[in-house]
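Line by line, the protein sequences give chains A and B. Here the first sequence stands for residues 1 to 311, where the numbers follow the numbering used here. Here the second sequence stands for residues 1 to 311, where the numbers follow the numbering used here.
Check each hint, because a few of them may be wrong.
[To be verified] One side only, chain A facing chain B, incomplete, derived with CB under 10 Å: (1) L129; (2) I133; (3) A187; (4) N211; (5) E261; (6) P289; (7) G292; (8) E296.
[To be verified] Below, a list of computed lysine-lysine pairs in the PhoX-like style, where the Cα atoms sit at most 25 Å apart: (9) A:K96 x A:K114; (10) B:K301 x A:K114; (11) B:K301 x B:K273; (12) A:K301 x B:K114.
[What the hints assert, rightly or not] Far from chain A, some chain B residues (derived; all Cβ distances over 12 Å): (13) D63; (14) R84; (15) R113; (16) A165; (17) H203; (18) T230; (19) V251; (20) G298; (21) K301; (22) G302.
Derived from the structure by calculation, the hints contain no laboratory data. Virtual Cβ for every residue (Gly too), placed ideally from N, Cα, C.
There are 2 protein chains.
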Amino acid sequence: MTSPDVLISEVGPRDGLQSVKATMATADKLRWIDALHAAGVREIEVASFVPARLLPQMADAADVVRHAITLPGLTVMALVPNRRGAEAALAAGVHKLTMPVSASAAHSLANVRKTREEMVEEVRAISDLRRDIAPHVKLEAGISTAFGCTLQGDVPEDEVIRLAAQCVAAGADEAGLSDTVGYANPAQVRRLFKRLRTEIGVHAGAAHMHNTRGLGLANCLAAYEEGVRTFDSSLGGLGGCPYAPGASGNVVTEDLVFMFEAMGVRTGIDLEKLMAARLPLMAGLPGEPVYGMTPEAGLPKGFAQPGAMHV
Amino acid sequence: MTSPDVLISEVGPRDGLQSVKATMATADKLRWIDALHAAGVREIEVASFVPARLLPQMADAADVVRHAITLPGLTVMALVPNRRGAEAALAAGVHKLTMPVSASAAHSLANVRKTREEMVEEVRAISDLRRDIAPHVKLEAGISTAFGCTLQGDVPEDEVIRLAAQCVAAGADEAGLSDTVGYANPAQVRRLFKRLRTEIGVHAGAAHMHNTRGLGLANCLAAYEEGVRTFDSSLGGLGGCPYAPGASGNVVTEDLVFMFEAMGVRTGIDLEKLMAARLPLMAGLPGEPVYGMTPEAGLPKGFAQPGAMHV
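Using the sequences and the hints given, assemble the complete structure.
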């Protein structure tokens, strides 16, 4: 069994759920995560470790992590905004921490009420913490608003790259780039990931693209062609950033996996089983809109999935 | 004033309308075409010359053409399925004829009740006809189901390329490739357009992509990177092929133009005016769904369009 060509990092249970009003029951979350795992998904952002009073949806974060880490071969990721969240996530047993660090000064203050410099220090504190108590745990910095910001408009590319390098210097294992508000275009995606790789080499992380203006998959394609091999996406396109006005639409996992598999790029994910994983999602969030063009249109006649055999 | 980098060929008034049940009034069509022209669109497929009893929507084809050819700088295109249609289109004064030629044997029979070989002979007859009576008129063969077919599944690439070459040998000035049913993926798009260019050189024509599985823009990007410079799309995503079961969704012109302009690839089209051209479309087809993510999300804050100055 060879390993897949790309890693699809499913963010629905955290990024997706965070923007949904109804609280999903813990049992439903676990069924959904199990179905994603059964489809071959090998990295899931399962929760956010934030105070339950701020985000009741994530009150069961530790329970969700404790279940997810029992699934063989799965990298269990959690978002942590600060050291306190990181302590709780590490105690629950996560394999990987992700920290959002805004490249836009305005978005950083609006989203986490901290400056970018303060966030880099937070990355350092969390990196030191996990080295002390769980040195095998990985730390990713997700550079949000890396392609533009609804609050301040343009975000200078130099600042994006410098911030990513600062996060790595502060101890992050990876820094990825997020198109939080759907402003990115393929030329910009190529340019920024090329610069990122030049600047931080193997520490260059995931492409987290949104489909707000329909360019999500084109941007993923551009990132892939620039050497990116990890892609964040959300089953059914659930989610978006609630603090970026006008932002919406994570890339739909089903469409992203279809694109790669159709190209012969192996994801390790079985598309039929992935589409079946929509059922527990919909059952757990009755009435919530779930997107995806491939699930609606169905797979092409006679479609053979090279990746399916690797599940 | 420099010329644009790519040509966006708007197919809504023909391809789009053909799949709509309500008949659009001639005056509404003209207002819509005027608005597209005012936005900087420089090629429009305005009508199909088919018997009015088969397609009442196109009964006014000659009137629409006679108006469209008064708009300065506009290339007025019409679809013709056969010699009789070509005679009527030439009499009305079109600048360019387009003929659909299916690469799928099954689709060819279902769509026009002719074999592929018969369609190549039709291309030859029409090419000869226009050389006799209007030698300045261009003829394009649109190779449909070039990336797969809902009826027969896989369409061998050799057959697609051979058919395109046969059409050019029969007199077509260009042969483009159409993803009639939305099966294409970016790797296949690159491969086929590369082969097409190798085979027929400057006669390689437009990319006509559908968004059925969400890959429309990614496929246009792949075609662009392979050297394609003409792209078919439909305002508001109107249209699809009524004879290909499960087919839907032309690439949305607004999103396509946004992608290119954001990349710095000039289309010559003003995005604000293009979005305004949705109004006459919607007024002329009350209740008809009109798509597009960029119109819904709006342009990015501070978005500057290099192409707009060329309108």
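Original post:
Is the Cα-Cα distance between K301 of chain A and K114 of chain B 25 Å or less?
Top reply: 23 Å, holds
Original post:
Are K301 of chain B and K114 of chain A close enough, with their CA atoms no more than 25 Å apart?
Top reply: Measuring from Cα to Cα gives roughly 23 Å; hence the hint holds.
Original post:
With d taken as the least Cβ-Cβ distance between G302 of chain B and chain A, does d exceed 12 Å?
Top reply: 4 Å, violated
Original post:
Is the interface hint for E296 of chain A satisfied, with its Cβ closer than 10 Å to some Cβ of chain B?
Top reply: With Cβ-Cβ at 9 Å, under 10 Å, it holds.
**OP:** Answer holds if the nearest beta-carbon of chain B is closer than 10 Å to that of E261 of chain A; otherwise answer violated.
**Re:** 9 Å, holds
Subject >> Separation of R113 of chain B from chain A, once the least beta-carbon distance is taken, above 12 Å >> reply: 22 Å, holds
Subject >> Whether H203 of chain B stays farther than 12 Å from all C-beta atoms of chain A, as the label says >> reply: For H203 of chain B, whose nearest Cβ neighbour in chain A is about 27 Å away, the distance exceeds 12 Å, so it holds.
Original post:
K96 of chain A and K114 of chain A: Cα distance at most 25 Å?
Top reply: Distance of about 23 Å is within 25 Å: holds.
**OP:** Mind verifying the non-interface call on T230 of chain B? Its CB should be farther than 12 Å from each CB in chain A.
**Re:** Answer for T230 of chain B: holds, closest chain A Cβ roughly 18 Å.
Subject >> Interface exclusion of G298 of chain B relative to chain A, criterion Cβ beyond 12 Å >> reply: 7 Å, violated
Original post:
Once the closest CB in chain A is found, is it more than 12 Å from A165 of chain B?
Top reply: Given a closest Cβ separation of 25 Å, the condition holds.
Subject >> Agreement of hint P289 of chain A with chain B interface, Cβ distance less than 10 Å >> reply: 14 Å, violated
This entry does not satisfy hints 1, 2, 6, 19, 20, 21 and 22, going by the numbered hints stated previously.
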